[in-house]
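Chemist: Based on the sequences and whatever the hints tell you, model everything.
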Amino acid sequence: MGRKIFVSYKYADEHVQYIEHDDDELTTPRHYVDYLQTKLDKEDHINKGEKDGEDLSDFADETIKSKLREKIYDSSVTIVLISPGMKEAGKSEKDQWIPWEISYSLREPTRNGRKSLCNGMLAVVLPDENGSYDYAIETCNQCNPKCNIWHTNRLFWILRENMFNQYAKTDKDCQKGKGVYLGWPSYIHMVRWENFINKINYWVEKAEELRNNKENYDIKVNMPDGI
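Under the working numbering, the first residue of the sequence shown carries the number 51, and numbering increases by one thereafter.
Hints listed in this document are in silico derivations from the structure and should not be mistaken for laboratory results.
Computed from a predicted structure; not experimentally measured.
List of simulated lysine-lysine pairs, DSSO-like, C-alpha gap at most 27 Å:
hint, residue 1, residue 2
1, 270, 137
2, 165, 270
3, 117, 144
4, 270, 219
5, 92, 54
6, 219, 249
7, 98, 264
8, 121, 249
9, 137, 117
10, 92, 249
Modeler: Listed below in structure tokens is the structure:
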């Protein structure tokens with residue numbers, strides 16, 4: 051039986067690297083989703099998040115909940131595509147789709163007496179227009195082996211709060227004098243697109259493994275007021 055994967059992404063972000071596609075439009079994360087579908091096992095199925103730039107403010111709260119429940123309920127993994135323009139300036143996070151899609155992916159609703167586990171989560175960073183990932187993940191070349199610096203301050207609140215949230219983290223000193231966490235310290239792990247697309251099953255299975263050990267993480271489900 052194939053897996054159902056929910057993909058959350060900013061539909062209209064044109065600040066990503068060109069990827070070959072059939073239409074004449076500028077490349078957006080949607081084209082990466084289309085490409086991902088061609089690389090998945092035939093039994094696996096994708097459910098997409100925001101589409102056609104539909105405005106969250108057009109929907110009542112109950113409509114939003116209904117739309118997301120139906121899309122996310124029977125999926126086991128949510129992939130969030132990180133892109134340079136995923137956050138809309140001047141809009142609160144609660145008025146944007148991605149934070150709600152993450153929130154509902156982390157919930158454990160009950161339907162017909164059956165409780166659904168929260169999804170395994172993965173944040174896949176897309177390259178920017180210049181092919182760089184440094185806006186989200188930067189390599190520290192002074193370390194041996196090299197370590198990564200995650201720019202979580204540029205992400206949505208609910209994303210960054212579910213990173214580095216393992217209760218018992220282990221770390222070591224970086225050559226820059228900063229602590230480097232070892233193992234899998236984040237419930238939502240961040241990975242570059244080029245690494246993810248070449249080992250899709252590995253990364254999806256890792257997200258499912260972390261879900262099966264979710265008690266080791268301080269998972270934040272609900273967004274606070276004022277963001």
